[in-house]
Amino acid sequence: MRARVARRLVVGLLAVAVVVGVLPVQLVAPGSAPRGVTSAEAQTTTKTFGAEPLADVLYWADQKKACGLSRDQLAAMMMSPTFNETGAPATVSPSPMTLSRWDNQTSLYAYASKTQYPRAFFHPGVGMWQFDSAGGWPLTGATAINSYTSAQQAATVIASRWCVNPTWAYALAPWYYCGTTTICQDNYRAVFNGTSLTVRSDPTTTRYGGMQQRSCTVAGLGAVTCWFVDPSQAQGHDVFNLPNFGPAPISAPFYVVESGGREYRYWLKQDTGYGVSISADKPVTANARSALTWRSGEVLCDVTASKGDTCATLRSAPVVARNADGRQEVFVIGPDGRVRHSWQLAPNGSWSTWRVLGGSLSGGLSVITSADGRLELFGRGTDGTVQHSWQGSPGGLWSTWTSRGGSWPATSEPVGGVNADGRLEIFVQGSDGAVYQSWQLWPSGPWSAWYSMGGSWPVGAHVAVGRNGDGRQEVYVVGADRALYHRYQVAPNKAWAPWSSLGGSLAGPVTVGYSTDRRQELFAVGADGAMWHLWQRTVNGGWSTFTSRGGSWPPSAEPVSARNADGRLEVFATAAGGTVWHAWQGTVNGSFVPFAALGGSAVGRPGLGMNADGRLEVFVTEPDQEVAHAWQVKANGAWSGWLGMGFPAP
Amino acid sequence: MRPRATPTRLLLVPVVAALCAVAACGGAGDGAPVEVAGGQSAPAPSVVEDPTLPTLPPVEERADDLFDEQGCTQTGPDAAACGNTGAEIDAAAAGDSTEDWRTLAGFVGPHWNEQPAAGAPVVLEQTVAISATGAWTARGLVRNETSGQLDGIEVTAQLLAADGSVLASPRATSPVVAVRSGEPVPFELTAEVPAEQVTTVQWSAAVPVPGVGDGSESVASTAPSRDAELTTFWSRDHSGADRIELYLYRDPDDGSRPYLLFGSVLNRGAATASPTVVVAWLDGDGRVVAVHEAPVADPRTGLPAEVLDSGAGSDFLVVLEDPAEGFAAGPASPMLWGLA
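Taken in sequence, the protein lines are chains A and B.
Numbering-wise, my numbering comes out as the position in the first sequence, counting from 1, plus 316.
Numbering-wise, my numbering comes out as the position in the second sequence, counting from 1, plus 5.
Hints are supplied without guarantee of correctness; some may be wrong.
[Unchecked claim] So the derived list for chain B, only partly shown, Cβ under 10 Å to chain A, looks like this:
id	residue
1	81
2	91
3	106
4	114
5	201
6	237
7	251
8	253
9	262
10	289
11	305
12	318
13	326
14	338
[What the hints assert, rightly or not] Pairwise CB distance ranges (calculated):
id	chain 1	residue 1	chain 2	residue 2	range
15	A	870	B	138	56 to 62 Å
16	B	84	A	871	48 to 54 Å
17	B	119	A	709	52 to 58 Å
18	B	84	A	957	47 to 53 Å
19	A	817	B	92	54 to 60 Å
20	A	920	B	66	51 to 57 Å
21	B	92	A	531	22 to 28 Å
22	B	92	A	799	52 to 58 Å
23	A	940	B	69	46 to 52 Å
Simulated from the structure, these hints should not be mistaken for lab results.
In this text, a Cβ means the ideal position worked out from N, Cα and C, and glycines have one as well.
Please put together the full structure from these sequences, using the hints given.
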């Protein structure tokens, strides 16, 4: 017959007074059984208990023994509720990982819905003693499982109550059947013969009961110790795992993190099979039934197991630039927010290993080349500011990251431009939807404040920057009506014309390329899924109509384009399956050939560079977060296969 | 199987409940509540002003062998985890907003306001559950929005019919006396008026006048210790299958199984005579579906304790015999007050 795990049980903080001697209690002499249990009644039936948990019980029993209780008596009393709390039969040890199945309040389910994500369930009672969050115990799910910490609580409660009233009915009343029935007394007799403990020790049931200590990173909390609780890995008697054991579901594997006085539990979608990761948190001592806050849990990386939504996910696509000496350099933001870079050891040559360039960025990495040939990086900081780092000299060392201020929404991706006089300028979307700009007061000089360029663009609208043949900058944004809008400097380095529409029906941001005669050429995925092309008819002049270049692209596909050594434009984009495709002009300024597969397995936008000898090179992030590249084997010519460049972050 | 809750008779219906200011609604008539602030006839609020949050002693003191010298949790013979220090656990337990469930001395629950500003007790209308049928009944919370401790709070509901006539003005005093600044306490009102006839409720709250009306003495001199550490051990739903026979209670022989809530209190303050614990249950919408006061038991006899000494701990058991209350309390979250 299946034993039943107790219900909402043993809650309570150390509210049980340790008041030895306050009340005129009749104490029991050491070595004898508690009142109501005699040595003569001790039964030969024994029980099984985990070896480490038993050591913890004995340790705390020795520490807390009082009021006539010997260590072994208190240890036996401590063990007596665990068999029923876990349903453990005599031959199997109670599982320290036992999770309550009788508490079924709606608030314990993810987002207070019993049907949406039922396996993201916050078990309020945990462990061999089923310490329940309603009691205000200073225990988390992890420390309630851990027999060292949970045995400390059990010893404190039982010993202190025994000192107030040395009866079973009182000392073990927090476990209601102990105070109501003789179950616990029977268990006591089974593990203590009046002289010594008779419990069998099971070395396969450990202090953590199958819970695993791991290292995690959690957005907002940083690097933390986390505890992975997989019910299927429970040691000891794991009847609580049975699907229909109780009215409450059994949780999918989850992580416990302790931080800032709170307990966090995370259910990764990799463990639940749900489309989202979920978290819940509460003050450690608060009742889960009333104090849980449910959130998106896509913030945790199990570093030990390399599992989680934020684990190895790079925070940016590769961006590429060429140093003044012709060596290419590629940059990505790692999962920890630090920028990594790799560079060619010589023009057209092999690549360095990935190195950390620092910073704390959430995304939006872009690179531009200053007028004197130095590379300059911009990105959105995890603090919401625009962050900036630059080479101190062409091809030289990098500066530390410097804030350019502002408080930009997480969807904003700053991009840089260069004025005709060499002054850099940054553009970024604000939380009000407008585009903001800040510029250097003179080349390599200090920066202006932020100024709004107006507009009210959709959340996450990407700003693209181009430059006319005469040096006038031009910015582009796709509006809510899917039309392309632009503003341009009315003269080099001068003021900007108002926003105006260039028409079109676009689903994604534009990328800016240049013809040999410095006409701007724009590409973007249209609302119909095709790649659309728009170009200036003359240098600094008016615009063509949108022309389809075909293909079938997801809205998230962000094309990139570059000019071949011979002047022919080529555009690249990642299709829904991760294959990179490209199309190119058959002749300089001529028509485009249809898109052809370049292969690869890419996640997100490619990065595009050019070697010193004119060979184009494409960089992608693969699904396993390794960066890979392919290159023209000769200028204007055929392409290599894809080759991994290593993992920017472990 | 754990029984499923059935609909309570305290159906939550929208009532046009106008919460009037004390100055406008209170203080009229013999024996009526008096204004806390303002009116010339009002006695000064008793006890000193003390707006600080009554936090429990540090958890590192209450469970000293669970933490090491750095305040980290001892997770093994030679292991410690510093994700949560004792100080952080204390801070999180105390909460930092009115909506937070706080664990404080003599209080567990939400709606504690650290910055009371109204200058008078205020009925928290969003917590009030009013019966839809039968005799008019209301349960809810009222908060001490003064800067000092009050010797109880009296709540009055003026029940108006559709034509504006006053049907009744039930009045009751919270079972929690010694109400600290910012603290919410429960109240329960009934009136021999069909609930369906009530279209508007005008609430008022004030301090009961010591010695006025019922001839009682001021409670200030006998105020119970509020410096108590409260906990709950277990509950049993109404009609639960298990028969309970504790040292302080046994289920009726007729087979009935009332809702039970078993817990404990540790008195960290002065000795208190006839100590009790008050419990109010909040449903999923945050409304009070039941209020009950239970005696603290003598640990040897199980009978109501005559006194709970300073430093002593003892148990309490709440028994909700009313099936409607019991079924409503089962899935609800209990707020606790002690000692009352």
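Verification of the supplied hints:
no., hint, result
1, 81, "holds, 5 Å"
2, 91, "holds, 8 Å"
3, 106, "holds, 4 Å"
4, 114, "holds, 8 Å"
5, 201, "violated, 30 Å"
6, 237, "holds, 5 Å"
7, 251, "holds, 5 Å"
8, 253, "holds, 8 Å"
9, 262, "violated, 12 Å"
10, 289, "holds, 7 Å"
11, 305, "holds, 6 Å"
12, 318, "holds, 3 Å"
13, 326, "violated, 18 Å"
14, 338, "holds, 4 Å"
15, A/870 x B/138: 56 to 62 Å, "holds, 57 Å"
16, B/84 x A/871: 48 to 54 Å, "holds, 50 Å"
17, B/119 x A/709: 52 to 58 Å, "holds, 56 Å"
18, B/84 x A/957: 47 to 53 Å, "holds, 50 Å"
19, A/817 x B/92: 54 to 60 Å, "holds, 58 Å"
20, A/920 x B/66: 51 to 57 Å, "holds, 53 Å"
21, B/92 x A/531: 22 to 28 Å, "holds, 24 Å"
22, B/92 x A/799: 52 to 58 Å, "holds, 56 Å"
23, A/940 x B/69: 46 to 52 Å, "holds, 48 Å"
Checked against the numbered hints above, the structure violates hints 5, 9, 13; every other hint is satisfied.
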